[in-house]
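Student: Could you build all of it, start to finish, from the sequences and the hints given here?
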Amino acid sequence: MAGVSSSAPTPLAKYKLVFLGDQSVGKTSIITRFMYDKFDNNYQATIGIDFLSKTMYLEDRTVRLQLWDTAGQERFRSLIPSYIRDSSVAVVVYDVVNRASFINTTKWIEEVRNERGNDVILVLVGNKTDQTEKRQVSVEEGDAKAKEHDIMFIETSAKAGFNVKALFRKIAAALPGMENSAMARDTDLIDVKLNASASTNPTASQESSCGC
Amino acid sequence: MRHAATFARWARGSGDWRAEARHWTPCALLRAAARLTDFSVRELARAAVRLGARADSRRRRARRASVFRRMEIEDELLQILLPADRVSGDLSDAQRDGNTPAEPFSLSPEERIDRLRKLVATHGLPHSANEMGTEKFGMCSLRGIVWKAFLGIGVIPVHNYMNLVAQGPSADAEKIGNDTIRTFIKNVDFTSRVSPDMLSRVLNAYCHARGNTKGTYVQSMSILCAPFLYLMPEPDAFESFSVFLECHVPEYVNNYRGVFSAFRLFEECLRVADRQLYDHFVGYQLKPELYAFSTISTLNACVPPMSDTVKLWDVQLAFGAYWGVIFTLARIVNSSALLLSSKEGPGAPLITRELEQGLGMNAEAVLKLSFELVQQFDAHLLQRLVKHAIQPPQPEDAGS
Ligand SMILES: Nc1nc2c(ncn2[C@@H]2O[C@H](COP(=O)(O)OP(=O)(O)OP(=O)(O)O)[C@@H](O)[C@H]2O)c(=O)[nH]1
Ligand SMILES: [Mg+2]
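Chain order of the listed sequences is A and B.
End of the first sequence = 212 in the working numbering, gap-free, step of one.
End of the second sequence = 612 in the working numbering, gap-free, step of one.
Do not rely on the hints blindly, as some may be mistaken.
Dumping the calculated SDA-like pairs for lysine to any residue here, alpha-carbon to alpha-carbon at most 20 angstroms [claimed, not checked]:
id : chain 1 : residue 1 : chain 2 : residue 2
1  : A       : K159      : B       : R394
2  : A       : K38       : A       : K165
3  : A       : K147      : A       : I109
4  : B       : K499      : A       : R77
5  : B       : K499      : A       : D86
6  : B       : K499      : A       : S78
7  : B       : K580      : B       : D520
8  : B       : K426      : A       : Q23
9  : B       : K398      : A       : Y36
10 : A       : K14       : B       : I563
11 : B       : K580      : B       : H339
12 : B       : K398      : B       : P516
13 : A       : K14       : B       : H492
14 : A       : K159      : A       : T132
15 : A       : K14       : B       : L498
16 : A       : K38       : B       : R565
17 : B       : K398      : B       : D409
18 : A       : K147      : A       : N118
19 : B       : K398      : A       : N42
20 : A       : K159      : B       : K398
21 : A       : K38       : B       : N399
22 : A       : K38       : B       : E568
23 : B       : K398      : A       : F39
24 : B       : K398      : B       : N574
Quick caveat, the hints were computed from the structure, so don't treat them as lab data.
Tutor: Listed below in structure tokens is the structure:
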């Protein structure tokens, strides 16, 4: 994994993020919202793994994110460890409307710990918060579980676009070498700035562009 | 073996062709294919080069010649296929034609299959080949009939399918439902021909036919089933799908073992076909199990449109599922310059979604380049390609 020197400009640091979680919890939706700012009510199930990459322009440096969007399907599960093994960040997603998917996050977290021990950034994500009526898992429960496993936590709605950028800011801030950056200290502030800067100041924009 | 029983049903009928059909069992076909492979691949490649040279002028002449050509090819196909496949999966057709005595064929089954193969490789099927319910071919499309011939399927036991459907939802019905409502849902050409219910019936029937134990259905099977339903009535699609899974890609379905063999073979092929790109990918630790999982594991069925998929499957069914690996290779090699010039620094120059969109190549372009690429592979590599989808990896198969 690329360490980052303090002197800018540094070469592109590359990080691998693996997205895990049961089928249909919204992994692909979160990533698509982040990458293309789009949402679709009818995504096809991911087949095996979907590989994407994205350059994120942060305040003081640029990072390259490799996103590995895995399939929640059971059939793929035995292959997951090999993908976790190579990743520096694991994002475990559940659906706040589906309690079973929340319960299963324990298994996903354990799977990550088995492969990577503590040498990994783990984030628990409760998705689909827009479905307030049908909610089966409360914020408090999500938060408690994250604390129990000593990992980060956030709730999102890929559909509403809620907190999706914040999720990636949070991850970026936690990446190795980021401890001293402005990012890490002011995550919330930057998320606000992000919205303001998107249209007005393209160079400082937190919007990233994928050159693929 | 299970399919032995399935095909024993054929023997029940009388008449010349039914006896002959026993030689058409997929296993016999596969044996024949294994015997013929080296030869046919080389010959196929030669034919393809001729074809490629003609491709440009062909397009210009296409409009003028298309009516003629279509008639010519259809006539030849009819000669090869009928009367064996005269009886389609349609019940009324079956009843009407079931007792028609079969005319004796002048060609042996092997010769007929070979002619079909050549036809598919050198001419492709006519544009109208996807039409279902035509006067000439009946319920099943012409392409569907050709596929059934490659799969060694003659008369479809319609009642068998109907009985299976009558058993209702299988133990995997829920999993199937999750997949079928999400299968090619945005492809209008597909959804106008195939409904989630049709997919669901065929897949549940498949589970019942295999004893209805939970876990018979594995996710993404719906995608492999889709091309068959796109071209055939349900009973035919059911039979074809079953034979396809059991005889053509068992290693892709029971587990992903064959798919992982395919990734290693893919890398070997890439190394031969485009050393620079291969090195580039190695440098970025970019592996096919990252960017090409969906295209390779579905034999390109996940790359729209379905009308292109079926053209690629013509060749896969004629010569072997391994062509799926070569088709993916063709797409990537074709984009080589673009991928190499990516200015994105130490990152990924390729993402799955672009590959899933075909990287700007239609079926014709993919086929043309694939036929060229395959000529570069030596016999050992070809042999392992041929076997990887149907046999567990052998110790001697280890990379050269
Ligand atoms: N209401 C709502 N629906 C969502 C949200 N995110 C995803 N969905 C829907 O949930 C379904 C599944 O979403 P996907 O993103 O495909 O789920 P996935 O986790 O990638 O699923 P697999 O690829 O099968 O593992 C889709 O129909 C989405 O439209 C959300 O935030 N709110
Ligand atoms: Mg997905």
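Student: Look at each hint and say if it fits the structure.
Tutor: Consistency of the hints with the structure:
1. A:K159 with B:R394: holds (18 angstroms)
2. A:K38 with A:K165: Since the Cα atoms of K38 of chain A and K165 of chain A sit roughly 13 angstroms apart, the hinted pair holds (cutoff 20 angstroms).
3. A:K147 with A:I109: holds (13 angstroms)
4. B:K499 with A:R77: Holds. K499 of chain B to R77 of chain A sits at ~19 angstroms (cutoff 20 angstroms).
5. B:K499 with A:D86: holds (12 angstroms)
6. B:K499 with A:S78: holds (18 angstroms)
7. B:K580 with B:D520: holds (13 angstroms)
8. B:K426 with A:Q23: It holds: about 18 angstroms lies between the C-alpha atoms, which stays within 20 angstroms.
9. B:K398 with A:Y36: This hinted pair holds, its Cα atoms lying about 18 angstroms apart.
10. A:K14 with B:I563: holds (15 angstroms)
11. B:K580 with B:H339: holds (17 angstroms)
12. B:K398 with B:P516: Holds, at roughly 10 angstroms.
13. A:K14 with B:H492: The given pair, whose Cα atoms are some 16 angstroms apart, holds under the 20 angstroms limit.
14. A:K159 with A:T132: Holds, because 13 angstroms separates the two Cα atoms, which is no more than 20 angstroms.
15. A:K14 with B:L498: holds (13 angstroms)
16. A:K38 with B:R565: holds (15 angstroms)
17. B:K398 with B:D409: holds (16 angstroms)
18. A:K147 with A:N118: At roughly 15 angstroms apart (the allowed maximum being 20 angstroms), N118 of chain A and K147 of chain A satisfy the hint.
19. B:K398 with A:N42: holds (8 angstroms)
20. A:K159 with B:K398: Since the Cα atoms of K159 of chain A and K398 of chain B sit roughly 18 angstroms apart, the hinted pair holds (cutoff 20 angstroms).
21. A:K38 with B:N399: Roughly 19 angstroms separates the two Cα atoms, so the pair holds.
22. A:K38 with B:E568: Given pair K38 of chain A, E568 of chain B holds - Cα atoms ~18 angstroms apart, limit 20 angstroms.
23. B:K398 with A:F39: holds (14 angstroms)
24. B:K398 with B:N574: Given that 20 angstroms is the threshold and the Cα spacing comes to 19 angstroms, the pair holds.
Comparing the model with each earlier hint shows no violations; every hint is respected.
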